[in-house]
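Trainee: The task is simple: from the sequences and hints, build the whole structure.
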Amino acid sequence: MAQNLNGGREDGLPPSSYDILYEDNHLLGIVKPFNIPVQEDATGDADLLTLLKEDVKRRYDKPGNVFMGLVHRLDRPVGGAMIFAKTSKAASRLSESVRSRSFRKGYLTVVHGRLPASSGRLRNILLKNAKTNTVTVVREGTPGGKEAVLDYSVLGFAEGLSLVKIDLLTGRSHQIRVQLAHAGCPLYGDQKYGAAVNKPGQQIALWSSLVGFPHPITKQDVELISMPPRQYPWDLWAAELQERALR
1 MAQNLNGGRE
11 DGLPPSSYDI
21 LYEDNHLLGI
31 VKPFNIPVQE
41 DATGDADLLT
51 LLKEDVKRRY
61 DKPGNVFMGL
71 VHRLDRPVGG
81 AMIFAKTSKA
91 ASRLSESVRS
101 RSFRKGYLTV
111 VHGRLPASSG
121 RLRNILLKNA
131 KTNTVTVVRE
141 GTPGGKEAVL
151 DYSVLGFAEG
161 LSLVKIDLLT
171 GRSHQIRVQL
181 AHAGCPLYGD
191 QKYGAAVNKP
201 GQQIALWSSL
211 VGFPHPITKQ
221 DVELISMPPR
231 QYPWDLWAAE
241 LQERALR
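Residue numbers (my numbering): 1 to 247.
Worth flagging that the hints you see were computed from the coordinates, not collected in a lab.
Keep in mind the model is a prediction, meaning the values are calculated, not measured.
Glycine is no exception: its CB is placed at the ideal position from the N, C-alpha and C atoms.
Simulated DEER-style distance windows between Cβ atoms: (1) GLY120 to GLU223: 23 to 29 Å; (2) LYS131 to VAL66: 29 to 35 Å; (3) ASP47 to GLU147: 27 to 33 Å; (4) ARG230 to GLU96: 35 to 41 Å; (5) ARG99 to ASP47: 23 to 29 Å.
Mentor: Here it is, written out as structure tokens:
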């Protein structure tokens with residue numbers, strides 16, 4: 001089900017929209033549109049968290065402020081499945097799921113070149129520079145460095161590009177983008193960590209395809225699945241191949 005985020009804007013721009021993957025009294029699972037910040041940033045652009053609050057307030061005719069808890073993040077250019085908490089209790093319990101690693105995050109991405117094996121694990125120490133909003137791979141023991149771990153599986157290769165499934169085991173800033181670039185396979189369209197092989201204006205090919213967690217109230221397992229848009233370079237591979245990889 002698609003919803004308008006802000007039902008028309010005073011500046012004349014078209015309303016943003018999103019698809020609802022899951023909703024109950026405690027949670028709101030949606031497909032994040034790409035190129036929108038999750039929360040307010042220095043650009044002052046409309047952010048997803050604020051727009052969702054406004055949308056829920058309007059849809060349910062709620063008086064006063066609406067609570068919307070941010071449990072995990074996606075980089076601004078990245079789209080796909082996200083879960084938000086509609087109550088403070090749900091937010092607290094979901095945050096605990098993230099800490100205990102019972103919160104699962106799966107991605108699909110398209111990268112330049114071939115990874116060293118058809119599947120494997122990447123482990124690096126990452127250091128973030130807050131001033132430049134960039135992350136680099138550093139030696140173990142570097143002050144401020146944090147461990148980053150992901151598992152990958154290569155699903156296909158075409159036109160010099162690889163379709164890769166990522167299971168994220170830690171949640172570091174820019175983690176997938178930095179680790180794959182360090183492995184010699186920068187993401188398609190990533191201007192920050194792959195400028196040498198990408199062209200300005202290309203959309204980064206990174207999609208949050210699976211978010212799984214125990215429901216904070218019922219404890220039942222919840223899975224949100226979202227597929228990338230059928231446009232280049234995603235359409236180099238059959239949608240069925242991408243869908244099967246997530247099951």
